[in-house]
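*Asks:* From just these sequences and the hints, can you work out the full model?
These protein sequence lines map, in sequence, to chains A and B.
With our numbering, the residue at position 105 of the first sequence is 89, and numbering never jumps.
Just remember that our numbering sits 873 ahead of the position in the second sequence, which is counted from 1.
Worth flagging that the hints you see were computed from the coordinates, not collected in a lab.
A few of these clues could be false.
To be verified - Here are some of the chain A residues that sit facing chain B, going by a computed Cβ distance under 7 Å:
| hint | residue |
| --- | --- |
| 1 | -8 |
| 2 | 13 |
| 3 | 18 |
| 4 | 28 |
| 5 | 94 |
| 6 | 96 |
| 7 | 97 |
| 8 | 101 |
| 9 | 102 |
Stated by the list, open to error - Simulated DEER-style distance windows between Cβ atoms:
| hint | chain 1 | residue 1 | chain 2 | residue 2 | range |
| --- | --- | --- | --- | --- | --- |
| 10 | B | 915 | A | 2 | 18 to 26 Å |
| 11 | A | 47 | B | 969 | 32 to 40 Å |
| 12 | B | 937 | A | -4 | 36 to 44 Å |
| 13 | A | 67 | B | 940 | 42 to 50 Å |
| 14 | B | 924 | A | -13 | 36 to 44 Å |
| 15 | B | 969 | A | 56 | 12 to 20 Å |
| 16 | B | 880 | A | -2 | 23 to 31 Å |
Keep in mind the model is a prediction, meaning the values are calculated, not measured.
Glycine is no exception: its CB is placed at the ideal position from the N, C-alpha and C atoms.
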Amino acid sequence: GAVVSQHPSWVICKSGTSVKIECRSLDFQATTMFWYRQFPKQSLMLMATSNEGSKATYEQGVEKDKFLINHASLTLSTLTVTSAHPEDSSFYICSARDPRTGSLRTEAFFGQGTRLTVV
Amino acid sequence: SQQGEEDPQALSIQEGENATMNCSYKTSINNLQWYRQNSGRGLVHLILIRSNEREKHSGRLRVTLDTSKKSSSLLITASRAADTASYFCATDARGNTPLVFGKGTRLSVIA
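*Replies:* Below, the structure written as structure tokens:
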């Protein structure tokens, strides 16, 4: 079945540095991918919608200059956390749908998630 | 935006008992999905129920959907210690839109 792969699965970085997280659809092309953030013991909150060939759409309260999203190809979206601070420490997870199956199968596929710790 | 609300937020039961989690949502949906997440790990898709379905079974899982009340329930029968995890409902609108997750229920099954 369709698989979404996310890398890295965990990263520790120093305050002020930038971290890039990759999300790949392995056997389908995704014109749209979604990025979520999850703080400890909380639910997944949508951060942004990544659109291939155009600008990402950010949810209210999410800084687009801090969380840079690049959807350079139909199989890859990247999220870069710029000038990371300890409060950015969280679990980041991407999601995509397989458009080939149309409306008959609407299950979303999720990456494995990336645990970011900023020290 | 968060639209799902699960209750209870936390549930602790003995092994062998049944666990019921409820989810309410606010807008029209195409389907509703339940996910499981072990602490610090990714999501595992459990079951999907379409808006025109009222009940669905998968192994020890039973999901109901009441679109008139905009609510769903997840029942885990004969629970096991390995069922300990957080469970989230997620609503799915039509088109290529993101899933919207509820706040989740943290289930603890005590052996």
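*Asks:* Residue 924 of chain B and residue -13 of chain A, beta-carbon distance inside 36 to 44 Å?
*Replies:* Violated, at about 27 Å.
*Asks:* Between residue 915 of chain B and residue 2 of chain A, is the Cβ distance one that fits in 18 to 26 Å?
*Replies:* 23 Å, holds
*Asks:* Taking the closest Cβ pair, is residue -8 of chain A under 7 Å from chain B?
*Replies:* 13 Å, violated
*Asks:* Hint says 36 to 44 Å; check whether the CB-CB distance for residue 937 of chain B and residue -4 of chain A agrees.
*Replies:* For residue 937 of chain B and residue -4 of chain A the Cβ distance comes to about 43 Å; the hint holds.
*Asks:* If I claimed the Cβ atoms of residue 880 of chain B and residue -2 of chain A lie 23 to 31 Å apart, would that claim hold in this structure?
*Replies:* The hint (23 to 31 Å, Cβ to Cβ) is violated, given that residue 880 of chain B and residue -2 of chain A are roughly 40 Å apart.
*Asks:* Quick check on the hint: residue 28 of chain A CB to chain B CB, less than 7 Å?
*Replies:* 5 Å, holds
*Asks:* Please verify that hint: residue 13 of chain A, Cβ, nearest Cβ of chain B, below 7 Å or not.
*Replies:* 12 Å, violated
*Asks:* Go ahead and decide if the range 42 to 50 Å is satisfied by the Cβ distance of residue 67 of chain A to residue 940 of chain B.
*Replies:* 45 Å, holds
*Asks:* Hint residue 18 of chain A vs chain B: min CB-CB distance below 7 Å?
*Replies:* 4 Å, holds
*Asks:* Holds or violated: is there a CB of chain B closer than 7 Å to the CB of residue 94 of chain A?
*Replies:* 5 Å, holds
*Asks:* Next item in the hint list is residue 97 of chain A. Is there a CB on chain B closer than 7 Å to its CB?
*Replies:* With a minimum Cβ separation of about 4 Å from chain B (threshold 7 Å), the hint on residue 97 of chain A holds.
*Asks:* Go through the hint on residue 102 of chain A and say holds or violated, using the shortest Cβ distance to chain B against 7 Å.
*Replies:* With a minimum Cβ separation of about 17 Å from chain B (threshold 7 Å), the hint on residue 102 of chain A is violated.
The earlier numbered hints that this structure contradicts are 1, 2, 8, 9, 11, 14 and 16.
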